[in-house]
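K.L.:
So the chains spell out like this:
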Amino acid sequence: MSEQVDQGRRTWVAIACGAGAVGGVAAAVPFVSTFQPSERARAAGAAVEVDIAAIKPGEKLTVEWRGKPVWIIRRTPEQLAELPKLDPELADPKSLRKPDELTPEYARNGWRSRKPEFLVVVGICTHLGCSPSDKFTAGPQASLPNDWAGGFLCPCHGSTFDMAGRVFKNKPAPDNLEVPPHAYLSDTRLIIGEDKKA
Amino acid sequence: MAEFKQAPADAPAAQKFLTWIDNRFPLTKLWNDQWGQYYAAKSFNWWYIFGSLAMLVLVMQITTGIFLTMHYKPDAATAFASVEYIMRDVPWGWLIRYMHSTGASAFFIVVYLHMFRGLMYGSYRKPRELVWIFGCTIFLALMGEAFMGYLLPWGQMSYWGAQVIVNLFAAVPFIGPDLAILIRGDYVVGDATLNRFFAFHVIAIPLVLLGLVAAHLIALHEVGSLNPDGIEIKDKRGPDGHPLDGIPSHPYYSVHDIFGVAIFLTIFSTIVFFAPELGGYFLEYNNFIPADPLKTPLHIAPVWYFTPFYSMLRATNDLMVNVIAAVIALATVSGLLKGRFGGVGKLALGVGALVVIVLLKTFDAKFWGVVVMGGAVIILFTLPWLDHSPVKSMRYRPGWHKGVLGVFVAFFLVLGYLGAQPPSEAGNYVSQIGTLVYFGFFLLMPWWSRLGEFKPVPERVTFVAH
Chain P
1 MSEQVDQGRR TWVAIACGAG AVGGVAAAVP FVSTFQPSER ARAAGAAVEV DIAAIKPGEK
61 LTVEWRGKPV WIIRRTPEQL AELPKLDPEL ADPKSLRKPD ELTPEYARNG WRSRKPEFLV
121 VVGICTHLGC SPSDKFTAGP QASLPNDWAG GFLCPCHGST FDMAGRVFKN KPAPDNLEVP
181 PHAYLSDTRL IIGEDKKA
Chain Y
1 MAEFKQAPAD APAAQKFLTW IDNRFPLTKL WNDQWGQYYA AKSFNWWYIF GSLAMLVLVM
61 QITTGIFLTM HYKPDAATAF ASVEYIMRDV PWGWLIRYMH STGASAFFIV VYLHMFRGLM
121 YGSYRKPREL VWIFGCTIFL ALMGEAFMGY LLPWGQMSYW GAQVIVNLFA AVPFIGPDLA
181 ILIRGDYVVG DATLNRFFAF HVIAIPLVLL GLVAAHLIAL HEVGSLNPDG IEIKDKRGPD
241 GHPLDGIPSH PYYSVHDIFG VAIFLTIFST IVFFAPELGG YFLEYNNFIP ADPLKTPLHI
301 APVWYFTPFY SMLRATNDLM VNVIAAVIAL ATVSGLLKGR FGGVGKLALG VGALVVIVLL
361 KTFDAKFWGV VVMGGAVIIL FTLPWLDHSP VKSMRYRPGW HKGVLGVFVA FFLVLGYLGA
421 QPPSEAGNYV SQIGTLVYFG FFLLMPWWSR LGEFKPVPER VTFVAH
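In order, the protein sequence lines correspond to chains P and Y.
When you line the first sequence up against my numbering, it's residues 1 to 198, in that order.
When you line the second sequence up against my numbering, it's residues 1 to 466, in that order.
You may find that some hints are simply not true.
[Claimed, not checked] Below are the SDA-like pairs computed for lysine to any residue, each with C-alpha atoms no more than 25 Å apart in a straight line: (1) Y:K402 to Y:F44; (2) P:K98 to Y:V188; (3) P:K169 to Y:A326; (4) P:K60 to P:I72; (5) P:K94 to Y:K402; (6) Y:K295 to Y:S424; (7) Y:K361 to P:P93; (8) Y:K295 to P:V13; (9) P:K68 to P:Y106; (10) P:K169 to Y:Q421; (11) Y:K73 to Y:V90; (12) Y:K295 to P:W65; (13) P:K135 to Y:P243; (14) Y:K295 to P:A26.
In case anyone wonders, no lab produced these hints; they're calculated from the structure.
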């Protein structure tokens with residue numbers, strides 16, 4: 001091979017390679033974009049109206065909102081009385097972490113809801129998205145501490161939440177359960193997904 | 001181009017045809033390079049069967065998979081029913097489906113044993129680093145293939161397993177939530193997710209897998225297989241230029257492998273015909289319930305082959321992050337005191353460790369759980385550079401090295417067991433110890449692998465004719 005290098009040609013080869021690479025990356029954009037949620041998926045996020053008259057104290061109703069389970073729990077006075085006592089064992093008792101995402105202003109209180117009696121939370125664990133199971137009965141039981149006061153246990157990785165959806169310390173889940181935007185249209189009708197109409 | 005060959009005039013028609021082909025395509029050359037005249041040590045023991053078996057299972061998975069796609073429907077509304085349709089209404093559909101589901105577990109059993117063989121005899125040591133790296137990439141691709149395939153039956157375990165794993169990506173700081181949406185194609189696991197996982201499972205990943213398998217074999221046949229003694233047979237050649245301790249793979253290892261295949265298929269068929277669910281380990285019971293986005297089954301666990309890594313994910317809570325930070329601090333202090341490197345290196349070490357510890361405490365334990373789980377697979381890639389033992393094979397390493405390998409394997413199995421169990425406090429502590437042992441085995445290897453009394457390595461392979 002000759003020692004001489006045609007610098008002019010080498011520059012053009014480099015420019016052509018660079019332009020080709022830019023073109024290749026640009027061509028990848030539409031392909032990667034197809035991974036995004038489709039227009040149909042984006043549109044399917046309407047608010048849900050629920051009649052809560054039939055829920056008895058200590059019971060839970062699950063409704064679907066944006067494909068996720070939303071729980072409406074009517075707490076008993078005993079369950080509400082337990083909540084303040086648990087504060088030292090909780091990771092974020094005052095709902096201070098990511099408040100804009102997880103806890104709307106009207107739920108940043110000791111019971112995390114508009115009305116103390118009714119808790120409205122998205123039933124998806126903040127760890128990896130499983131739906132926790134009801135463990136409303138107090139007392140020792142499998143996978144739970146002996147002084148259990150009632151709440152939720154995530155079957156996937158063992159995170160525990162109290163009756164206000166607040167996560168206990170030293171569990172895989174970093175955050176409390178999300179309180180969705182919600183409002184009372186009347187005493188017995190609840191809307192989930194909007195909080196402006198109240 | 002090679003010169004044009006001419007078969008003798010009186011040669012049989014088959015030989016003339018082969019010559020015709022060889023003049024146009026290197027068929028005989030390929031066969032001889034890759035198998036027919038590929039010299040392997042004659043001292044292989046039964047640990048060397050798993051490579052061939054992995055190849056067999058790959059072919060079986062592709063064949064059964066093609067036939068399953070002819071009846072399966074990748075649609076959230078009909079997927080579950082279409083699998084039941086294959087099981088009940090398609091003639092012999094149950095057999096194809098059970099072969100495919102059992103084949104998935106068989107693939108991992110065979111691959112885990114294949115990797116353990118490598119660990120035992122040092123098959124990853126120079127010059128076989130790329131063979132090992134291609135192999136680890138195959139393992140990674142296989143995990144993706146298995147995970148995406150598991151969503152397709154659209155049962156409860158399919159759904160919630162995918163939900164958990166996709167949410168792993170959401171734990172990545174800053175870009176995580178958007179990344180998870182990009183993977184799912186929706187705000188929750190849904191029809192879009194199922195449809196794209198189908199595309200990945202049936203075409204994208206299998207193509208990558210086939211390419212990687214070809215690269216793995218080409219690299220292996222370039223450097224040559226190692227043997228249980230961990231010595232290079234190419235160093236001792238006979239007058240014909242072939243290794244004295246080697247033997248052409250065909251027919252010797254062809255016959256060996258066919259015998260191994262017969263034993264494997266006996267066990268495989270027994271499972272397919274008599275226990276295709278294998279007590280809930282190969283097919284989980286909850287997966288016979290259609291996916292319900294509103295209710296997670298009471299006990300969810302991944303399929304057995306993912307459970308060791310899943311245990312490590314579960315083990316990483318705030319306590320574990322503190323332990324990891326403490327271990328890094330200790331390692332740094334000992335590095336600063338005993339390290340044989342200059343002031344700049346020590347400064348870099350100190351600053352680096354401080355940054356890592358600050359990051360550990362900044363991001364959620366959840367994110368570090370994902371890092372630990374991913375790291376447990378990625379760390380395998382670095383093995384050729386972690387092992388500093390002067391001999392390759394466990395046979396000639398100090399007795400306690402076998403003990404270290406044994407403890408590693410035992411903890412890997414314990415992690416696997418715990419990952420299949422519901423979460424418990426005691427189990428979590430054991431998983432945390434197991435996670436430390438797993439990473440300790442690799443990260444401390446540059447030190448422990450050179451300690452102890454090594455035995456003399458023989459000149460020629462240990463082989464008794466039979």
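K.L.:
Which hints from the list above does the structure break, by number from lowest to highest?
P.N.:
5, 8, 13 and 14
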